[in-house]
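J.: Fit chain V to the supplied structure of chain F, relying on the hints for placement.
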Amino acid sequence: MKKAISLKINPTYFFLAMTLLVLGLNVQALSHKIYRMQKARQKIPFLFMGYKFSGLKDILADTQIMGYYTDKDLDEHNAALQFAQAQYILAPVILDLNNIDHEYILFDCSQPQIAQDKIREFGVIPLRKNQFDIILAKNPRAGQD
Amino acid sequence: MKILTALIPYVLSGMIGYLLINTLFEKAERPPLAVRLLMAAGLGVGISAVLVFISFWIFDGWHRWIVILAHAALGSILWAFWFALKNQKLSKSLPREATGKKAIVYGVFVIALLPLWVQSQYYPLGGWDAWQVWNFKARFLFLAGNQWENIFLPVLWRSSPHYPLLLPCINVWGWSIMNHPTPLVPQLTSLLFTVLTCGLLLAILLKSTNSPWIIIGPGLLLTLPFYSLQAVSQYSDIVLSFYFLAGLFCISETLHPVQASKAKRLPPGTSAYAVLAGFFLSLAAFTKPEGLVAAGLIALLTSILWLTTSYSNSLKIKLLLLFATAMAIGAIPSFIFHTLYSPGNLTFINGLTSQNKPVSLYRLKMILAFLLIELKSAKWNGLWLLLGIGIIFCGKRCWRREIVILPLFMFSYLVIVLIYCWINTYFPIGWWLQVSLNRILFSLLPIAVFWIFSSLWIKK
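Heads up: the sequence lines are chains F and V, in that order. Everything in the first sequence is counted per our numbering, starting at 1 for the first residue and increasing by one. Everything in the second sequence is counted per our numbering, starting at 1 for the first residue and increasing by one.
Honestly, I wouldn't trust all of these hints.
Far from chain V by the CB rule (all over 12 Å, computed), these chain F residues [as the list claims (entries may be wrong)]: (1) D71; (2) K72; (3) Q87; (4) D117; (5) R141.
A partial selection of chain F residues facing chain V, derived with a Cβ cut-off under 10 Å [to be verified]: (6) P11; (7) L20; (8) L25; (9) A29; (10) K33; (11) I34; (12) I59; (13) Q64; (14) H77; (15) C109; (16) Q111.
Read the hints as simulated data drawn from the structure, not as lab findings. Ideal Cβ positions, reconstructed from N, Cα and C, are used throughout, including at glycine.
This is chain F alone, in the form it adopts within the complex:
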């Protein structure tokens, strides 16, 4: 009698049951996540800030390195993200952060007025501005030293 009621739990089956439980939780979490992503993407399709910097290839064709001036704090996530994406889209041109000694400089400032003030202050010539207020400027003194 005692033998009959003593149920031996097989640890493998017990582990299997727990694993199935975690698997169920995973499936539920994953389906929620995919649903949320689908909704989010319906509102805003995939956004890649690097496209703000596209359309400069013709000017920068022979450029290996250029300046990138910003008044934004690159320790802040969005600013760092934008800089990384700019570097990605402009490759193989290298962006030298806040170095205005190069022939070409990109101005990516928090306010258009700040960019214009800095352009005047540095004495560089604006060449192109796009709808995202990114300004490409040329340094007339570059390479003269």
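T.: Below, chain V without anything else, positioned relative to chain F:
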């Protein structure tokens, strides 16, 4: 159509890997077809990346026809070896393991991959580090012509110029047929390595347990939102994870206990597994700096385990020589990279000697506390806890000779990485732990699942 064209380089790489694996193993000693195919794909893609890197070194830039010809030459040589030297014929019948119960398990696995594909569509350009480090480098290598060495300029410190170039070279190879740096290729690379990692996990679990329940192991990974997101984010961690798993599996296959009477010769396939392990680990070393540390650590642990086997001394030396030779051949690109190109780690401050940023007890406490917080974090859905319970249930089975290298490696690797985090005080520890620790655990997770599941469901 675009996807099919983008897949051509991967298929060519896979064929090279398959030929190499089939050349290494005698026909009778080959692992199951699924294991061979999955290892072949990862090995082949790694070989392609090495060819790309060597071509940059020799020809000073990206010359796609040279690399395509190098693939054709290597493929022909391996083909000749396989057919002419071994005089073997392609089997026309379906291998036995591809039928019945296992076919259903692989069918379920393919269905489990669908959410992964859906997720990758939502992140076509990957995550933060993807464009900051890996995809940027790939694009740069592809477009820079003979200025490619600018990638190592210190001004690019944010992109970690000291990181090895395996993943960027894989993507450059992926663009070779399309001849255009489309974002589709890095997306496919991350998907491919996720499928290979989880697929290999399933195949080696099936090999060691023969239980269809084992599908739950890779299923746990593929359904975990954090895991699948990391996997498709186009980071190198999924690549590293594959090479770790493949390398450790090969080593575990060389460590099966043998009777003293049979210890006079190596069991079938052992030499081939030792060579493959050397290749996989050297590819891991060329993936990320952590991979180099891990490869060295695994080599050390493996040597100790081999030296304590019941084999004769000459067999031990043979095994070590095969492994070391394969590692040395595979380490050639790493050697070239570190001696000729790498600018060194620009984000390292030795806290043990630094006056400005010294190591502190607080930093150490924070690391240990963060590890515990990370392991029980909601993003893992209790998976690490589950695996911890699995260790208790496994008992002695977890510490069998053939798999003891798995826990030894994971524990030592984690300790080394955390000590490095403690000593290198360049970055604030909170930020670093938040960014890096989950990726380290991510790369170890398939190994942990292999360890626990193969121990619990071991063939009786």
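J.: Hints the structure violates: just list their numbers, smallest first.
T.: 3, 12, 15, 16
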